[in-house]
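Visitor: With the sequences and hints as input, model every part of the structure.
Chains A and B, in that order, give the protein sequences.
Using our numbering, you'd call the opening residue of the first sequence number 50 and step up by one each time.
Using our numbering, you'd call the opening residue of the second sequence number 17 and step up by one each time.
Hints listed in this document are in silico derivations from the structure and should not be mistaken for laboratory results.
Quantities reported herein were computed from a predicted structural model and do not represent experimental measurements.
Just to be clear, a hint being listed does not mean it is correct.
As the list claims (entries may be wrong) - Ranges of calculated distance between the beta carbons of each label pair, as one might list FRET restraints:
hint, chain 1, residue 1, chain 2, residue 2, range
1, A, 192, B, 83, 31 to 41 angstroms
2, A, 58, B, 34, 47 to 57 angstroms
3, B, 550, A, 358, 45 to 55 angstroms
Heads up, the beta-carbon is just placed ideally off N, CA and C, and yes, glycines get one too.
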Amino acid sequence: MPWWHELIAAGAVPAAFTPPPTTPGTDGAGGTEHADLVEDAELEAHPLPGRSVARLPEAVSFLAGIERWSVVAYDGVVQVVNAYVAAAIRRRDERGLLRTTRERHRGFAIAPLERMKPGLRQRLELAAPDLESIGPELVDQPSRYLDQVEGTVRRARGAIERELAEQWITAARAEEWLVLDGLLSRSPAVARHPRALGVIKSHGAQFLEGRGLERALTLPPGNRTSVFAVRGGHTRTEVYSWYLRLWPWEGNDLLYGLLRVEARSDPETTARATELSGWLWAERAPLATPATRWDRLLYPLHNVEEYLKALAPRDIELRRVSRLPKTGT
Amino acid sequence: MIARSDNAAIPIGRVVATELKPSTPHQFHFWTATDTPIGIGAIVKVAGERVVYGVVTDGVAYSDLATPLHDVVGADGDPTRATEAPTVRQEIRYWSAAVLRQMPEEPLQPVPLAQVYVADDADVAQALRMDAFLHSATPTAIPVGLYTSAGRDAPVYLDADFLLGPEAAHLNISGVSGLATKTSAVEFLLGSLFAHFPAHKGRIAAVCFNVKGPDLCFLDQAGDLSDEDRQRYERLAVPSTPFERVRYYAPLKADGVNLNTLRTHPDLVGDVEPLTWGLQEVVDFAEVLLNRDDIDAKADAFIDFLRDRVLGRTFDDGFGTTHRVQTFADLDRLFRSIFDGLEITAGGRSDTWRTHHIATMRKVRNRLLNISIRCKGLVTDDGPSSDLPWKEFTDRTVYVIDIANVDPLGQDLVFARVVSMLREQLERRELGVDAIVVFVDELNKYAPGDGSETYVKKMLLDISERGRYLGLVLFGAEQFRSQVHRRVVGNAGTQLFGRMDMDELATPGYQVLSPATKSKLATLPIGELMVRHPHFTQPIFLRFPKPPVLRGRDGVERFPPAADVPFEEAVVRQLVRLDRRVRPNQVKDLIADREPDDVRRALAAARRTRPDDVLAYFRKVLGSRVTSDASLAREHQPVPPLNPMSDEPY
Numbered sequence: 050m051p052w053w054h055e056l057i058a059a060g061a062v063p064a065a066f067t068p069p070p071t072t073p074g075t076d077g078a079g080g081t082e083h084a085d086l087v088e089d090a091e092l093e094a095h096p097l098p099g100r101s102v103a104r105l106p107e108a109v110s111f112l113a114g115i116e117r118w119s120v121v122a123y124d125g126v127v128q129v130v131n132a133y134v135a136a137a138i139r140r141r142d143e144r145g146l147l148r149t150t151r152e153r154h155r156g157f158a159i160a161p162l163e164r165m166k167p168g169l170r171q172r173l174e175l176a177a178p179d180l181e182s183i184g185p186e187l188v189d190q191p192s193r194y195l196d197q198v199e200g201t202v203r204r205a206r207g208a209i210e211r212e213l214a215e216q217w218i219t220a221a222r223a224e225e226w227l228v229l230d231g232l233l234s235r236s237p238a239v240a241r242h243p244r245a246l247g248v249i250k251s252h253g254a255q256f257l258e259g260r261g262l263e264r265a266l267t268l269p270p271g272n273r274t275s276v277f278a279v280r281g282g283h284t285r286t287e288v289y290s291w292y293l294r295l296w297p298w299e300g301n302d303l304l305y306g307l308l309r310v311e312a313r314s315d316p317e318t319t320a321r322a323t324e325l326s327g328w329l330w331a332e333r334a335p336l337a338t339p340a341t342r343w344d345r346l347l348y349p350l351h352n353v354e355e356y357l358k359a360l361a362p363r364d365i366e367l368r369r370v371s372r373l374p375k376t377g378t
Numbered sequence: 017m018i019a020r021s022d023n024a025a026i027p028i029g030r031v032v033a034t035e036l037k038p039s040t041p042h043q044f045h046f047w048t049a050t051d052t053p054i055g056i057g058a059i060v061k062v063a064g065e066r067v068v069y070g071v072v073t074d075g076v077a078y079s080d081l082a083t084p085l086h087d088v089v090g091a092d093g094d095p096t097r098a099t100e101a102p103t104v105r106q107e108i109r110y111w112s113a114a115v116l117r118q119m120p121e122e123p124l125q126p127v128p129l130a131q132v133y134v135a136d137d138a139d140v141a142q143a144l145r146m147d148a149f150l151h152s153a154t155p156t157a158i159p160v161g162l163y164t165s166a167g168r169d170a171p172v173y174l175d176a177d178f179l180l181g182p183e184a185a186h187l188n189i190s191g192v193s194g195l196a197t198k199t200s201a202v203e204f205l206l207g208s209l210f211a212h213f214p215a216h217k218g219r220i221a222a223v224c225f226n227v228k229g230p231d232l233c234f235l236d237q238a239g240d241l242s243d244e245d246r247q248r249y250e251r252l253a254v255p256s257t258p259f260e261r262v263r264y265y266a267p268l269k270a271d272g273v274n275l276n277t278l279r280t281h282p283d284l285v286g287d288v289e290p291l292t293w294g295l296q297e298v299v300d301f302a303e304v305l306l307n308r309d310d311i312d313a314k315a316d317a318f319i320d321f322l323r324d325r326v327l328g329r330t331f332d333d334g335f336g337t338t339h340r341v342q343t344f345a346d347l348d349r350l351f352r353s354i355f356d357g358l359e360i361t362a363g364g365r366s367d368t369w370r371t372h373h374i375a376t377m378r379k380v381r382n383r384l385l386n387i388s389i390r391c392k393g394l395v396t397d398d399g400p401s402s403d404l405p406w407k408e409f410t411d412r413t414v415y416v417i418d419i420a421n422v423d424p425l426g427q428d429l430v431f432a433r434v435v436s437m438l439r440e441q442l443e444r445r446e447l448g449v450d451a452i453v454v455f456v457d458e459l460n461k462y463a464p465g466d467g468s469e470t471y472v473k474k475m476l477l478d479i480s481e482r483g484r485y486l487g488l489v490l491f492g493a494e495q496f497r498s499q500v501h502r503r504v505v506g507n508a509g510t511q512l513f514g515r516m517d518m519d520e521l522a523t524p525g526y527q528v529l530s531p532a533t534k535s536k537l538a539t540l541p542i543g544e545l546m547v548r549h550p551h552f553t554q555p556i557f558l559r560f561p562k563p564p565v566l567r568g569r570d571g572v573e574r575f576p577p578a579a580d581v582p583f584e585e586a587v588v589r590q591l592v593r594l595d596r597r598v599r600p601n602q603v604k605d606l607i608a609d610r611e612p613d614d615v616r617r618a619l620a621a622a623r624r625t626r627p628d629d630v631l632a633y634f635r636k637v638l639g640s641r642v643t644s645d646a647s648l649a650r651e652h653q654p655v656p657p658l659n660p661m662s663d664e665p666y
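Guide: Here's what the structure looks like:
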């Protein structure tokens, strides 16, 4: 009998999952961040009403984005990248079908122009309709250079997502909600909107510690934590946030089915946290399969991603795959 | 007749092709929205670098659900909560279509990946290649129904050259019984044919064999039509009125005076002509009466001998008696004379007469005389015949022969003789019309795929294979197409299918149909059918209006058959119908002391002759015949026993 079975027999919770390392940047910076409780004296678990009594807004839109990039050429050790980012808002109609209302995409080249040979640089500037130059400092460290590229692409994606969200604010119907895939706090206008929610699946940033942290990470399904305030900074606006568990974590890992929700920093948010959590909990069906993170991915956001993937240029999809010919048979 | 839709065409789908499911020159796939009007059988148009018309043959729907288990998980294992999901999964309606036509036709290429549109009326005409015979200098289009898929209402036409010859011919219709498709479709199509048969092709008539119940007994009576059906008639430019000219023929019952049909209501029975045949009419088709075991060279030779040397001639039997055989009674006398002669004159030492063995003669005698007993009323023992108006068939007339209540052997005889006569007279161009449609129901019975080679089956095969050159067109119907002789159904240029039995659809003949098409055929509603026609490269689903005639069972309710009347009364009625001046009492006095057979004979003569003074003619025929017959003493001696040396079982 493996040694950990004795541990489980002694009261430990079984687990069977190795979570991938969280990519920094998707949930703000990694590490611990400061948060202030705005509900309860200490962080508590709040059970949600049953799914069948959840109050769903009649009008709701979902915003998500995708990013693709690949190295398409070398100038010596300089890696020239072709990138594509896209974002869309899809509104759910009265029949539950999602229809695209807004959409943006950007295809662009990324290269450290200062380090390129003049001839190639000139050709690149003429050929690429959209070119983003990055600093030459990491060119000689290819792996770190690619991290830099990834960050650039992610920022580009965040920019068009923010742009779409701000457009939505100006044209949103009365009582219409917006659910964003990711941080709400990137755009001040969106972060302050009374009917916008950010749903974060990655938990690189840690806002709690001690007993509060344990309560949050061992939250039972159908429960939320107390609301806490995530402080603003020069790149983000203060928002209220809480954790929500969609699926039981026992047998998987601590982050399984765990969402962090962001909403505007307002007492009403605290007052409606249970109602809003009940809505999001109801959104766990249908399952967002076959996405690997279906336990945390709401189906409508998955649907927006699939929509964007269908429109994305196919040549970029081939990055990091074998050069062997691929057939459909 | 063909209208181009005014609405700007809005695409309803798009052709998609993958390596696994590519577009080919004969098939393509497309997707539509989930609330599309498209369904199995819908005709669509692909408008790309070339225009392609196709008919939807299959469809699938699926969502992005990776496995059914995920739906269970999403509903927490509770089916009642499965509908609580606020978002509907992404779904696809993915259709397969068979190509009907490509324009341009050459070079033949795979279907382009382009937008898909619902076909309008003009597209349907193009797709089904109807433009060639619809808009030519000599149009030959016969409306067969409305294409109603995808919310359309487009008329569909058959090409008369391929329905009635000479290019192809014949129509076969299959379907389960009782769903008002087979008979109704033929009734509608005959009306359409009569309305649209091209003038340059001459005159046309139809002969319908009513083989069950009152199905075809009220073709001249108006039935109830809904407004929807009237609109369909208007759309098809076919009059929604019953047939103007219908002539009914039915055998008499065994009493020789009452008609053996369900159309005996006093208001209608006047239109029914008796169908009675004598020896001369029957003997030419004696083969029909012989079963498989009977067919041999000896019987054939003896029948030929009778036909060539005996019937209608003065004939010496070799035993001192001269015969003139014109009726079954005369024939019976001849046989008795021969048998007596062999037994008495030859002393029972000879088994043969004029090279024919006595057993062969007994067999032929039994078969021939048996028909006059089994089909008494159709076959008269010794009276004159009453027949169809040979050489005087009239244009756009339906001739209904009601043999529903006739012995099966008699049905075979009627069918064989009528069709043979039609063929002969069409060959000589003396029938009176240029084309004749023969409608035969229950082909399963008359031309089965297995079983013995009967005379009727051979005749149906002959019509199927040669009829189109003559203008003799078979409209056949059956419940199980798979059980009809392959050459009979195979030679039908046009094939209609009503609702089909699933077991029937599982037979090899339906392998070319997609599973979805088979499912649709198995659930086809009343009034819809699937049609295959030489111009249509794929089967097409159609709706046809209810025929404007009274259905059989409704007709029987509205015109209940009259009860049989006594012999004297029946004779009176028939004579009064011929001449309203005839007084019943006069007739009754006249026939009071007469033999019934003599009365029947005189009545048949009056019916056939239709003299100006019916009663005088009847009296004359009755009187002279009685006198004439009285001079011939009838012998009623028993037939002597068979020669004990013979091992023949007759």
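Visitor: Give a verdict on every hint.
Guide: Comparing the hints with the structure gives:
1. A:192 with B:83: 31 to 41 angstroms: 38 angstroms, holds
2. A:58 with B:34: 47 to 57 angstroms: The hint (47 to 57 angstroms, Cβ to Cβ) holds, given that residue 58 (chain A) and residue 34 (chain B) are roughly 52 angstroms apart.
3. B:550 with A:358: 45 to 55 angstroms: 48 angstroms, holds
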